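Engineer: Residues per chain, in single letters:
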Amino acid sequence: MNLAEILPQLLAGFMAFGWGNAFMLLVGGVLIYLAVAKEYEPVLLLPIGFGCILANLGMSVYEEHSFLKVIYDAGIKSELFPLLIFIGVGAMIDFRPLLAQPRMVLLGAAGQFGIFGTLILATWLGFPLNEAASIGTIGAIDGPTAIFVTSKLAPELLGPIAVAAYSYMSLIPIIQPPIMRLMTTRKERLIRMEYAPRPVSQTTVVAFPVVVTVIVSLIAPGAAPLMATLMLGNLLKESGVVERLNKAAQNEIINIATLFLGLAIGATMTADKFIFDPVTGEWQFRTLLVLGLGLLAFIMDTVAGLLFGKLMSFLSGGKINPLIGACGISAFPMAGRLSAKMAQEEDFDNFILMHAMGANTAGQLGSVIAGGVLLAIVSTMI
Amino acid sequence: MNLAEILPQLLAGFMAFGWGNAFMLLVGGVLIYLAVAKEYEPVLLLPIGFGCILANLGMSVYEEHSFLKVIYDAGIKSELFPLLIFIGVGAMIDFRPLLAQPRMVLLGAAGQFGIFGTLILATWLGFPLNEAASIGTIGAIDGPTAIFVTSKLAPELLGPIAVAAYSYMSLIPIIQPPIMRLMTTRKERLIRMEYAPRPVSQTTVVAFPVVVTVIVSLIAPGAAPLMATLMLGNLLKESGVVERLNKAAQNEIINIATLFLGLAIGATMTADKFIFDPVTGEWQFRTLLVLGLGLLAFIMDTVAGLLFGKLMSFLSGGKINPLIGACGISAFPMAGRLSAKMAQEEDFDNFILMHAMGANTAGQLGSVIAGGVLLAIVSTMI
Amino acid sequence: MNLAEILPQLLAGFMAFGWGNAFMLLVGGVLIYLAVAKEYEPVLLLPIGFGCILANLGMSVYEEHSFLKVIYDAGIKSELFPLLIFIGVGAMIDFRPLLAQPRMVLLGAAGQFGIFGTLILATWLGFPLNEAASIGTIGAIDGPTAIFVTSKLAPELLGPIAVAAYSYMSLIPIIQPPIMRLMTTRKERLIRMEYAPRPVSQTTVVAFPVVVTVIVSLIAPGAAPLMATLMLGNLLKESGVVERLNKAAQNEIINIATLFLGLAIGATMTADKFIFDPVTGEWQFRTLLVLGLGLLAFIMDTVAGLLFGKLMSFLSGGKINPLIGACGISAFPMAGRLSAKMAQEEDFDNFILMHAMGANTAGQLGSVIAGGVLLAIVSTMI
Amino acid sequence: MSELFSQALWITLLGMGLTFAAIVLFWGMMALITAIPVGAEKEAAETAPRDSIPTQAAAQKAKAAALAVALALAEQEQQQVAYFPMPETAFVSAWQLGMRTRQMYQKGSGR
Amino acid sequence: MSELFSQALWITLLGMGLTFAAIVLFWGMMALITAIPVGAEKEAAETAPRDSIPTQAAAQKAKAAALAVALALAEQEQQQVAYFPMPETAFVSAWQLGMRTRQMYQKGSGR
Amino acid sequence: MSELFSQALWITLLGMGLTFAAIVLFWGMMALITAIPVGAEKEAAETAPRDSIPTQAAAQKAKAAALAVALALAEQEQQQVAYFPMPETAFVSAWQLGMRTRQMYQKGSGR
Ligand code: NA
Ligand code: NA
Ligand code: NA
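Chains as they are written, first to last, in the working numbering: chain Y, 2 to 383; chain V, 2 to 383; chain U, 2 to 383; chain P, 37 to 147; chain Z, 37 to 147; chain F, 37 to 147.
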């Protein structure tokens, strides 16, 4: 027995631990703090933060025998986790407000400009196309879409992109209101909207997810898996005949996938990818840039959505409150509620929640489509 | 940037979509319609129908990077899904009615004739032995058994066989009654059966699944995994000491496995396998043949079961109502209830439900054994 | 068609079945009996017993196409199952009694001596180092730790080690009391302990699992995955903001992992590994030795824990009841309750439950650390 | 007769034969397994009386069960004025059956 | 202007164009899909009236819903004396929204 | 003494040493971690008072808990006339303990 042989092994934990790792432990701690004390998207930030801590203690997804690598390979590399989460999200979405007012769907397209605006900025800053596009997906303002596209185009950026997407999403009530006040007049915010929806039959509600799946798979095959799973979840709920499966989607499947998705993404956040790579001797400023660009993506989305809302308001002869343009960014259902609240702050009797929720679900659809289109275009160019 | 390069990629969805795919979308839509509007086995036909639609939109199990291929490989190729479902099914079955009247078990053997009768017909129609045997398993009238055997012998037929098995099973109340009326006299249907069961002790109920597993594994090793998982589920329930695991079997495990089994099987139903293969230039009439043979399998099972019921009625000196012969086909628990209902239609005071449920659970056992025997014999010959 | 070809296949079940297998069926039956009739750790002994039966009927983890091999590879070889179970266990543990009396943590170290004492005995009996260390882990008196370490060092011993660990753990109320009576005087057992705990803030309770993860990962990297998952589960519960994930950890995740862990471990218990290997012609006396050494491990743990308890009692001037030393062995929460009960048997008004539970959770921590340290040291030497 | 066809016939003969053989074996085993525990019943009754059907009450329970089924069927009949015999699904129905069976026993023992 | 940057502009043009095209297609499809079932409504009403919003009651329900929201928002307002607009989480909130929506309808139909 | 045996002794020495070292480190850390939040307590009390044990009520709760345990143990004692100390399972018992602990606190604070 030779202590000289055993000691390095016993001290392996300390030997591999650098100041960069210590800093990343702090980052993980901050994420957990935000999740627990501030309740910012805790179901994701808590696992991501804990995964980040583990990644810098020798359990990253880059270690050959790490259990987090097993989970990463099984769920992120295979693209299963975002899709499983979408089955659950689909089972929680109600498309009736949108189906009752079909033209609201247009608002779901404008709110995707942030994706492409950010892509332009990122290429201008020198990011290669695959990374720039991945950063752009933060502008989808929809976690699973951003993770699905990024895991195909630039998996090395999964950590910062997921963190940016989910953190800013939880900050929607802070990010959007100033922009909304700046870009709309009080008169516009006071516009009341009539709620006289068409009746929506059960047949329509069941047919909708199937038809959407077919259309999107044909015109944007890149988005097909995302849209298919989202719509599968919705079909499970709306069909009303498979309550067992509906419950499994909304509980077991989404909870397990969410926990392990968060852990695995956090476990990509090693110090050498985020701070300083001792092998190449390079500082990783990209992480900060990603976080900054992500904030811009949210802002551009909101601005584009509001501009389109103003256009629709003008075209409709002032019958549409432009505030609901801000719901087209996705961020379901926070953005929808926020718009309704802004309108009500100006006039206590002004209720636009149903219109806002319609635009918000349209934004969810638009986000997935834009993400798929982006994936398809960029895939051919790299 | 060259549009000529990108365009084909953007139109990839349309380019790969032929009239055959359009037809299969219709088929998927019909399956979903049957599931939702008619409630024909919705927990399976809904996922199968949706999977069929996805398969013809570029997400089949034959695509290299399809998420449904990942699920197919993990659950069907590995044979796990049918076995996981059987754990849950076993936890839902009550063998007490059968244990209280052991001779009822004989009815579980005769009702398997359809398996072999269909095999004969299929070979006569020119199917190779492995495919003929797989088609025969529709006569097991038990989804997981049919899928387990088929995935080993002829995985290319999984789609039509699963669809046939589950659709006809949901049509039991339409298929069986005419045959039952035709083959039994009113006098026979009026036979009342005494219900004086032996007491069944807790020890017996716990020992039963273990002993069955041992016997079947020795004499029909092909059926061992199916019988073992079915009996494991039953043991979890009957032991009464592992309520957590029992609930997991009856909920999480069976629900998740059922959803993904259905999706993955539906995702095998591509147009080139079902309608017309553009590569070989051949029409796939086999699918229609499978559906037709499957119906015959159900009919032959019922006829054989009733004939054996009449034989037992004769041997017992008219103490057994031959209607319960029709429960030996499996199709648990529909067939059991149907027989009881038929007897009661003739005579409102005639209750044979407990006898019928005994024969029905015997049919479940017989189906698994016959499936295993078939698998063992055919495996040596191909 | 040649019967001579088919017959061997049909009789394959009987041909492969030897007297050793018959004996192992009995062993499996006894385990199921203990689980059902005696309720000895049924959630694990029932699946292990059933898995043992399957292993000797041609479905062991050593068979190429066995579904239990699929489960074994996915959950044991990958080390996922013990870790998933620990997420659930962590979500069930309350560290408040320990945090309120920090010095109790010392008792968690002494109770690990059985691990190393057993290791010494096992090497003395001729076991190679990797197997001796694995046998020692029975002394961790914590199933997932023993399984995690053994699956890395000596997977061939998984079956007997898991069976020993769980069986003796359920026998704690029989094993410990005589030793406790023998090693303590009545006067010592009568010592009352003041319960004036420090207040434990919510911040402390949330920070604790994170800090423990960091410390253990640095000083005992071998234990890092175990401690990290245990603490993740605890964080999910204590954070209070991710109730969905907490419930998933305590239900779906732990139940499914437990069921399949038990089955897969049972399925390693084939006759040729446990009784007699017909290839080498050797009797496998090792199994009996493992079971015997395992019992000694429990005894040595208890003795060391009590001795340390007496030391602390002496050092504290008789303010500490040495009985709580017996809780440091882990076996959470049985050992904790047992000590409280022993103290109360002497004096009906003596309540040391909170102190006992503190020492008991300390034992849980100590077990994981000792297991990790053992793994790290032995890994460098083989 | 083609060779394949003759093979199919052989498989049928062998397959049905083995299935019947296995089922007959089951019969014997069940006769045995339900006979043995009469001695062990005492112990079983002490530790786990919850699920076993007591002999004396069985006939009464059967009647109660039959009545419950009759009511259920009558009810179903009425619904079918507008609608054919509800083709329920295997899983959901198995589930329902379990629940219903439990209810039957509850009614029986409640008397 | 670098080639990469020009590529990015092209992607933006193409991407936003396709996204709008898809969404416009959705609009048409939704107009169609919500128009057709008026004929099929009768059948649907027979088999599954549970989830569809009846025309006659819709306006009333909308009012009820609006009122409920108003109350909820007013309530939220009060809480915010001490605390800024609760940044809720996506999943939990989606969940809550579903529950709340159901409650709204329950209140509406309960009147 | 064989080399293997001497290795085992070394492992024991090193292993127990490291385990004790880690546990002592834990002790220090816990002393620290439970000391710090006294300053942070105010904030914690505002946002999350639900789970922390208030100092003033602790002694009272301990009594209540002790009483509950006494009753539970007494009850268990009686059952054991016919039956030895129920060897419960780890998971189920951990679960039960959690429930029981919660109940204890509920009883305590309900007074
Ligand atoms: Na968006
Ligand atoms: Na059958
Ligand atoms: Na221990």
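The set of hints was computed from the structure by calculation and includes no laboratory data. Source: prediction; values computed, not measured. Be aware that one or more of the hints could be misleading.
Claimed, not checked - Quick list of simulated restraints, FRET-style, between CB atoms:
(1) Met-16(V) to Gln-10(Y): 55 to 61 Å
(2) Pro-279(V) to Ile-383(Y): 26 to 32 Å
(3) Ser-42(P) to Glu-64(V): 40 to 46 Å
(4) His-66(U) to Ala-71(P): 50 to 56 Å
(5) Met-16(V) to Glu-157(Y): 29 to 35 Å
(6) Phe-315(U) to Glu-157(Y): 54 to 60 Å
Virtual Cβ for every residue (Gly too), placed ideally from N, Cα, C.
Engineer: So, for every hint listed, does it hold in this structure?
Structural biologist: Hints, one by one, checked against the model:
{"no.": "1", "hint": "Met-16(V) to Gln-10(Y): 55 to 61 Å", "verdict": "57 Å, holds"}
{"no.": "2", "hint": "Pro-279(V) to Ile-383(Y): 26 to 32 Å", "verdict": "31 Å, holds"}
{"no.": "3", "hint": "Ser-42(P) to Glu-64(V): 40 to 46 Å", "verdict": "41 Å, holds"}
{"no.": "4", "hint": "His-66(U) to Ala-71(P): 50 to 56 Å", "verdict": "38 Å, violated"}
{"no.": "5", "hint": "Met-16(V) to Glu-157(Y): 29 to 35 Å", "verdict": "32 Å, holds"}
{"no.": "6", "hint": "Phe-315(U) to Glu-157(Y): 54 to 60 Å", "verdict": "58 Å, holds"}
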